[in-house]
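Engineer: So the sequence lines, in the order shown, correspond to chains Y and H.
Each residue of the first sequence is one higher than the one before, counting from 1 in my numbering.
Each residue of the second sequence is one higher than the one before, counting from 1 in my numbering.
I should point out that these hints are in silico values taken from the structure, not numbers from a laboratory.
Hints may contain errors.
Residues of chain Y clear of chain H, computed beta-carbon distances all greater than 10 Å [what the hints assert, rightly or not]: (1) S18; (2) V60; (3) G106.
Which chain Y residues face chain H? A few, computed with CB under 7 Å, are given here [claimed, not checked]: (4) D26; (5) M27; (6) N28; (7) Y31; (8) G104.
30 Å max Cα-Cα, derived DSS-like pairs, lysine-lysine [said to hold, decoys possible]: (9) K9(Y) with K100(H); (10) K9(Y) with K52(H); (11) K56(H) with K100(H); (12) K60(H) with K77(H); (13) K100(H) with K68(H); (14) K77(H) with K56(H).
Predicted model only: the values in this text are computed from it and were never measured.
Beta carbons are placed, not taken as given, at the ideal position from N, Cα and C, and that holds for glycine.
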Amino acid sequence: NAGVTQTPKFQVLKTGQSMTLQCAQDMNHEYMSWYRQDPGMGLRLIHYSVGAGITDQGEVPNGYNVSRSTTEDFPLRLLSAAPSQTSVYFCASTNGRNTEAFFGQGTRLTVV
Amino acid sequence: GDSVTQMEGPVTLSEEAFLTINCTYTATGYPSLFWYVQYPGEGLQLLLKATKADDKGSNKGFEATYRKETTSFHLEKGSVQVSDSAVYFCALTPLDSSYKLIFGSGTRLLVRP
Chain Y
1 NAGVTQTPKF QVLKTGQSMT LQCAQDMNHE YMSWYRQDPG MGLRLIHYSV
51 GAGITDQGEV PNGYNVSRST TEDFPLRLLS AAPSQTSVYF CASTNGRNTE
101 AFFGQGTRLT VV
Chain H
1 GDSVTQMEGP VTLSEEAFLT INCTYTATGY PSLFWYVQYP GEGLQLLLKA
51 TKADDKGSNK GFEATYRKET TSFHLEKGSV QVSDSAVYFC ALTPLDSSYK
101 LIFGSGTRLL VRP
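Pulled out of the complex, with its shape left as it was, chain H reads as follows:
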């Protein structure tokens, strides 16, 4: 079945460092891809998305490109801030679904001043 694999955390960075969180997926056809972020004590919220191959999603300085050839959707940010400390989830919606989200296990990011 469809699945998402994320790099294990926690990832600890100093402020202004470059961030990469790896995400790869297994799915039939062209799923929609998402990054969700969970701040402490809160629910998940959408960070960015891409719905077709080669699309780049971006928001708040974060970017991810839908790479069909490598089945990847890695999250990047050029300069992280303390306020970016959160848990990041990569997710997909399968081709045959309008509602279902399949999540990776999440990656905790801790940014130190």
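If we strip away everything but chain Y, and leave its shape as in the complex, we get:
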């Protein structure tokens, strides 16, 4: 049971570099989301998708892009990394309102 798989687990970037955080789920869930976790702030929604081909912005979308070409995959792209994007990123998937959200193990990103 893979659930939600995120890669990489750790990454160090230089300011201005770009990268893609990968997220894949094998539960055929409709909804997928990206969150960032910062100390004292809980998790904040970056982008979400309600199905293949449909994405929208969450609470803190600036500096990030997403796409959803398949049900399984939901990559997060950092276009030009900034130190303010140093954080732990979590991908999650769920099948709806009152069902459990499954989270990946997270990606710890440091931008120097």
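Given the coordinates of chain Y, work out where chain H should sit on it, guided by the hints.
Structural biologist: Chain H alone, transformed into the frame defined by chain Y:
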């Protein structure tokens, strides 16, 4: 907008002590309420949930009751163990959403032998 407020941590307890972590929310109507737990180095996992007023969620000895009148969803456990040391997040899904989770800031629990 909708929001969740949790008591600040860390909370440090001795093994077998009683645990309460306070959570209150602001939301329109009747949101769904959740407690998620994050063990060191891991992602979040669902601990318990309640989807309507007066519902009690329970799992692994933890309980929380959905109190509409006080807009609260406090987490309790009668006797904590060292293995309960983790960060606990209260969260809600708004009435008009099927997917969105709004989290509190998290409360770190440390249980000492």
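Engineer: Could you run down the list of hints and mark each one as holding or not?
Structural biologist: Hints, verified against the model:
1. S18: 24 Å, holds
2. V60: 13 Å, holds
3. G106: Violated, because the least Cβ-Cβ distance between G106(Y) and chain H comes to about 5 Å, which does not exceed 10 Å.
4. D26: Check failed: Cβ of D26(Y) comes no nearer than 15 Å to chain H, outside 7 Å.
5. M27: 14 Å, violated
6. N28: 15 Å, violated
7. Y31: 4 Å, holds
8. G104: At about 5 Å, which falls below the 7 Å cut-off, the nearest Cβ of chain H leaves the hint on G104(Y) intact, so it holds.
9. K9(Y) with K100(H): Holds: K9(Y) and K100(H) sit about 24 Å apart, inside 30 Å.
10. K9(Y) with K52(H): Not OK: K9(Y) and K52(H) at ~37 Å, beyond 30 Å, violated.
11. K56(H) with K100(H): 22 Å, holds
12. K60(H) with K77(H): With a Cα-Cα distance of about 9 Å, the restraint between K60(H) and K77(H) holds, given a limit of 30 Å.
13. K100(H) with K68(H): 20 Å, holds
14. K77(H) with K56(H): 13 Å, holds
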